[in-house]
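These protein sequence lines map, in sequence, to chains B and E. The working numbering numbers the first residue of the first sequence as 1 and each following residue consecutively. The working numbering numbers the first residue of the second sequence as 365 and each following residue consecutively.
These are calculated hints, taken from the structure and not from any lab test. From a predicted model like this one, the values you see are computed outputs, not experimental measurements. Glycine included, each C-beta is placed from N, C-alpha and C at the ideal position. Hints are all accurate, no fakes.
Listed next, with one range per pair, are the computed distances between beta-carbon atoms:
no., chain 1, residue 1, chain 2, residue 2, range
1, E, 693, B, 41, 50 to 60 Å
2, B, 249, E, 652, 55 to 65 Å
3, B, 255, E, 607, 55 to 65 Å
Lysine to any residue pairs mimicking SDA-like chemistry, simulated, CA-CA at most 20 Å apart:
no., chain 1, residue 1, chain 2, residue 2
4, E, 449, B, 93
5, E, 449, B, 92
6, B, 6, B, 38
7, E, 449, B, 165
8, B, 85, E, 529
9, B, 6, B, 26
10, E, 449, B, 88
11, B, 85, E, 453
12, B, 228, B, 358
13, E, 449, B, 89
14, B, 45, B, 120
15, B, 85, E, 455
16, B, 48, B, 3
17, B, 48, B, 5
18, E, 412, E, 692
19, E, 449, B, 91
20, B, 85, E, 457
21, B, 85, E, 452
22, E, 449, B, 166
23, E, 409, E, 366
24, B, 85, E, 530
25, E, 370, E, 400
26, B, 45, B, 55
27, B, 45, B, 1
28, B, 48, B, 195
2 protein chains.
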Amino acid sequence: MRLLDKQHIEDIAIGSAVLGTGGGGNPYLGKLTAQRAIDQYGLLKLVKVDELPDDTLVVAPFGIGSPVPFIERLTIDEDLMYAYKAMTRYLGREIGAIMSAEIGGMNSVVPFALAARLGLPVLDLDGMGRAFPQLQLTTLTMYGHNASPVAVADEHGNVVIVDSIDNFWAERLARPAAIEFGAIAGGVGFPITVGDLKEAAVLDTVTLAETIGREIREARQEHRDPIKAVTDTTNGFRVFSGRIVDVSRQIERGWALGETTIMGGDEYAGRSMTIQFQNEHLVAMENGEVVVSVPDLIAILDSERGDPITTEDLRYGFRVTVLGMPCDEKWRTPAGLALAGPDHWGYEVPFVPVEERFAVGATR
Amino acid sequence: MRLLDKQHIEDIAIGSAVLGTGGGGNPYLGKLTAQRAIDQYGLLKLVKVDELPDDTLVVAPFGIGSPVPFIERLTIDEDLMYAYKAMTRYLGREIGAIMSAEIGGMNSVVPFALAARLGLPVLDLDGMGRAFPQLQLTTLTMYGHNASPVAVADEHGNVVIVDSIDNFWAERLARPAAIEFGAIAGGVGFPITVGDLKEAAVLDTVTLAETIGREIREARQEHRDPIKAVTDTTNGFRVFSGRIVDVSRQIERGWALGETTIMGGDEYAGRSMTIQFQNEHLVAMENGEVVVSVPDLIAILDSERGDPITTEDLRYGFRVTVLGMPCDEKWRTPAGLALAGPDHWGYEVPFVPVEERFAVGATR
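Please model the entire structure based on the sequences and the hints provided.
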């Protein structure tokens, strides 16, 4: 067990934005909420799976809805508390720890605010090792664990509990409630034991996010290259660098769909890269050929400061560097690729691990 | 306690259609479901409030959605069972009896199927003494009892529990779930104790519905006037008789809105009556003047056989008789009229009890 302070939260928020691969919402406001909770309730306890009994029940809090209206409301404190209380009532069991369903973006830090308020520890793991925009896209799903039951609440105390036969229905039934609540709501779901998490979760990812954020911060302070700090920490690769020359995006059924084109600079001069996204970056292409693809992680960072840039913040003229980072091994299994591989997103390309193309001495 | 057999269910279904005042859905299929449950699980126990301890917890099962698609599906057995199980899990208390939220229409008999299956008694009461199309329009609301928590389920086992701060939100959050489930779903709600029901419910209405149905049946068998049998049983009045000359109806946001015009025959020759409805009949008018209004009950019966006719079954040329029947006294209090009086439905007329206009010797 170790304690997390406000600086740790700051670092985790930055690291989560890198692992959010352009999506997952801006972690800035989630971070403020978590930091305020630490001010109010004290330092946060971060624990490893082997520090708790296997039968400890864990739930994952999250914000549900479109990330955009979240900007209108500073916190989802009360929503989360109402959802949590309804969840414990429905489960009829005591909850012993809190986890993040995804380590990428806003929902990586949102759980910390609730954990601090409840005095519960946060587990050093998550259900994705990155961000994905659908409830069923977790490594927990591969091991037969559903998001359901899920409780969703507004700040007035209206609660909807969804207990569905699968995650498809959980998504279908929870989303309309969030819309009735005004497009953003606090949710609690994914009840699972610590014993099951040992097998099914992506471990140590809170620490990974924190390390990424800290390395970026320290590299900047010490005038080192913050992007190298990220690739070193994540076993990732610099895939492309240049200037954004085109961004197109549209909102369809709550999804941010679009692509970014980057004109190469320096060693990439004369080349261009296009990155397509559906909330998260999915494929990076050169000359129409996919060179990095989901479920591996594709991040776009500010070339100088190393700040991760979400798809909604991409602008013409930005000087950016594209990173490819290996996803968790679970996503590279046949089950993982069936769930969230290129096919799931409509790309008929085989998945090629990023290191096979970009590691020194790689043959393709 | 007395036992209800399939003939009793038949009579209750007919009586409920009279009390349904043209709405509440056709009780035919609900009746079949309840009768099949009796075949399978045995006779149904009907109990009075003073036969159970005051702290006995009661819930009301119901079908939710549009009555029309119900025709496509013969039963909502499994839906109700899934909703019931989720409800008991959420309440964390044993349920001791079943009630009907409304005695008018389909939802008067739907609860009997679940009660038979569970071996639980049905209480001889309901929350309206008639039919109304919105969750908050119950006498329970007047005494501060909400529909919430409400569980809604489909036949696959998908469940949504709504725990809302008021009935407005219960309606707003439960309805989208029913729509996702395909426009009709099984629900369980209105958890309340027997002690509270003594004060807040409309008592003895299952027996009332049964008596109405039996009187109609026996009058027909004995070649007596079935309509007189209904007015005698309900303290109601024959308000008009004639032939339907016009029916207009439209569906708006799931509501059946419209009006029926009847050209008078016999003693009513030369006069005409128009009845306006929003799912249920709301006002009966002669020469533009309201002569019977909600919350009093307005039923349209076949003039010869005494069969109650729902708004969707009204047709040009039918020979019909209009009855006005006094509602429960609770609806005539200031609180009752504020909740479901003419104003609520957009009619700026004072409520005048039906007996003040139609009783022998009435002055207006």
